[in-house]
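Visitor: Just so you know, the sequences run in chain order A and B.
In short: position in the first sequence from 1, add 345, done, that's our numbering.
In short: position in the second sequence from 1, add 24, done, that's our numbering.
There may be inaccurate statements among the hints.
[Said to hold, decoys possible] Straight-line distance between alpha carbons at most 16 Å, and here's what the computed EDC-like set of lysine to aspartate or glutamate pairs gives: (1) Lys408(A) x Glu37(B); (2) Lys187(B) x Glu37(B); (3) Lys47(B) x Asp395(A); (4) Lys99(B) x Asp111(B); (5) Lys408(A) x Glu45(B); (6) Lys404(A) x Glu37(B); (7) Lys528(A) x Glu435(A); (8) Lys44(B) x Asp395(A); (9) Lys528(A) x Glu502(A); (10) Lys127(B) x Asp32(B); (11) Lys108(B) x Glu28(B); (12) Lys528(A) x Asp438(A); (13) Lys394(A) x Glu45(B); (14) Lys446(A) x Glu28(B); (15) Lys47(B) x Glu57(B); (16) Lys531(A) x Glu470(A); (17) Lys446(A) x Glu470(A); (18) Lys404(A) x Glu45(B).
These are calculated hints, taken from the structure and not from any lab test.
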Amino acid sequence: MLFYHHGYASGACVCVCICCVFKSCCRLCLQNSELFTLTYGALVTQLCKDYENDEEVNKQLDKMGYNIGVRLIEDFLARSSVGRCQDFRETADVIAKVAFKMYLGVTPSVTNWSPAGDEFSLILESNPLVDFVELPDNHNALIYSNLLCGVLRGALEMVQMAVDVRFAQDTLRGDNVTELRMKFIKRIEENLPAGDE
Amino acid sequence: MADEVLFDFLHMEMVSHVYKEHKSSKGESESKERAVCVSILEGMGFRVGQGLIERMTKDSPSFKDELDMMKFICKDFWTQVFRKQIDNLRTNHQGTYVLQDNKFALLTQLSNGKQYLEEAPKVYLAYSCGLVRGALSNLGLESVVTAEVSLMPSCKFQVVIQKL
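Bound conformation, chain A alone (with noise of 0.2 Å):
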């Protein structure tokens, strides 16, 4: 096991539930997110055997993350029913207090705008994805988490955004938080079909 210290994670799943009257239903609401962070786990566990070195896991989990995110924009739209942003400062708003609360259950703070307002930081004081988590020594350059950025990516493409999302900061490899730096690039024409000029 390459990954795994087995202890219990503190924070692992910050869900109120409306549901969650009973204890029984609220060990089961606490815990549904373990799977998916275990499978993560099991994921990455795997792609580091299937690869020599960290670059090249680190490409392939960008780029299932973005095969992911094309897909998971359509879910969240039809869960959130948020409306087109406008500018993106709104686009981070809803990347954080929706999205990220949506789908992993914490709220990353959106901080370290740059001055012409295209690129800035989502701050996460805790990763739900590294939970159970240590990364062994020999393997400094592996950024555990990057399906993240390319989730984002993704998603973002598929409403018309180019963006750049890398980690800054990662919880993992000591740092104090976990920092998403996302930077917009441009905005995508939306294609027209062919025969349609």
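Since the structure of chain A is already known, use the hints to place chain B on it.
Guide: Chain B only, in chain A's frame:
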């Protein structure tokens, strides 16, 4: 929290990735490729199943017998992992169990009917079989778990407890 959607998407992507990665260029038979995919996904599921059951049962009293454990799998485990209980459990009381789920969570997105019937069981359910086998393993039961689909989204998991 909609994290079950996240799991569904992750699972889909995982299966797709493993399948693409192990598509042999040497012209090996498709069934051999599939066997490799199945074994990888099943192995991943096995370890996750072990972890999940450990956390689920840490506060529970120990089980009376094998049937008690299988019922736990059908109710509590299935509810946490696949969001509903098993619809039907059959056993020959000699170590073989058939768990029937009429609306298996991971198949509902695929199709309602006969489409994908070829690919579905082996590769797509491999991870889930591993989850069950891993869970049972941590409960002290070694088993062989296979899945069979005759009509989506209903499927049957066959568990054969290995007597040591």
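Visitor: Now look at each hint and say whether the structure bears it out.
Guide: Each hint tested on the structure:
Among the hinted pairs, lysine 408(A) with glutamate 37(B) is consistent with the structure: their alpha-carbon atoms are about 10 Å apart, no more than 16 Å. A C-alpha spacing of about 36 Å is found between lysine 187(B) and glutamate 37(B), which places the hinted pair above 16 Å, so the restraint is violated. Pair hint lysine 47(B) plus aspartate 395(A) holds up; C-alpha atoms about 13 Å apart against a cutoff of 16 Å. Under the criterion of a C-alpha separation no larger than 16 Å, the hint pairing lysine 99(B) with aspartate 111(B) is consistent with the structure, at around 9 Å.
Pair hint lysine 408(A) plus glutamate 45(B) holds up; C-alpha atoms about 13 Å apart against a cutoff of 16 Å. Taking the CA atoms of lysine 404(A) and glutamate 37(B), the gap is near 14 Å; set against the 16 Å cutoff, the hint holds. A distance of roughly 14 Å separates the Cα atoms of lysine 528(A) and glutamate 435(A); the hinted pair therefore holds under the 16 Å criterion. A hinted pair counts as satisfied when its Cα atoms are at most 16 Å apart, and lysine 44(B) with aspartate 395(A) qualifies at roughly 12 Å.
As the CA atoms of lysine 528(A) and glutamate 502(A) are separated by approximately 13 Å, the hinted pair is consistent with the 16 Å bound. Using a Cα cut-off of 16 Å, the hinted pair lysine 127(B) and aspartate 32(B) holds, with the two alpha carbons roughly 14 Å apart. Taking the CA atoms of lysine 108(B) and glutamate 28(B), the gap is near 12 Å; set against the 16 Å cutoff, the hint holds. Simply put, lysine 528(A) and aspartate 438(A) have alpha-carbon atoms about 14 Å apart, close enough for the 16 Å limit, and the pair holds.
Between lysine 394(A) and glutamate 45(B) the alpha-carbon distance is near 12 Å, which keeps this suggested pair within the 16 Å criterion. For a cut-off of 16 Å, the pair hint linking lysine 446(A) to glutamate 28(B) stands: about 13 Å separates their Cα positions. Our distance criterion of 16 Å between C-alpha atoms is met by lysine 47(B) and glutamate 57(B), whose separation comes to about 6 Å. Simply put, lysine 531(A) and glutamate 470(A) have alpha-carbon atoms about 29 Å apart, too far for the 16 Å limit, and the pair is violated.
In summary, the hint linking lysine 446(A) to glutamate 470(A) is supported, as the alpha carbons are separated by about 13 Å, within the 16 Å threshold. As the CA atoms of lysine 404(A) and glutamate 45(B) are separated by approximately 14 Å, the hinted pair is consistent with the 16 Å bound.
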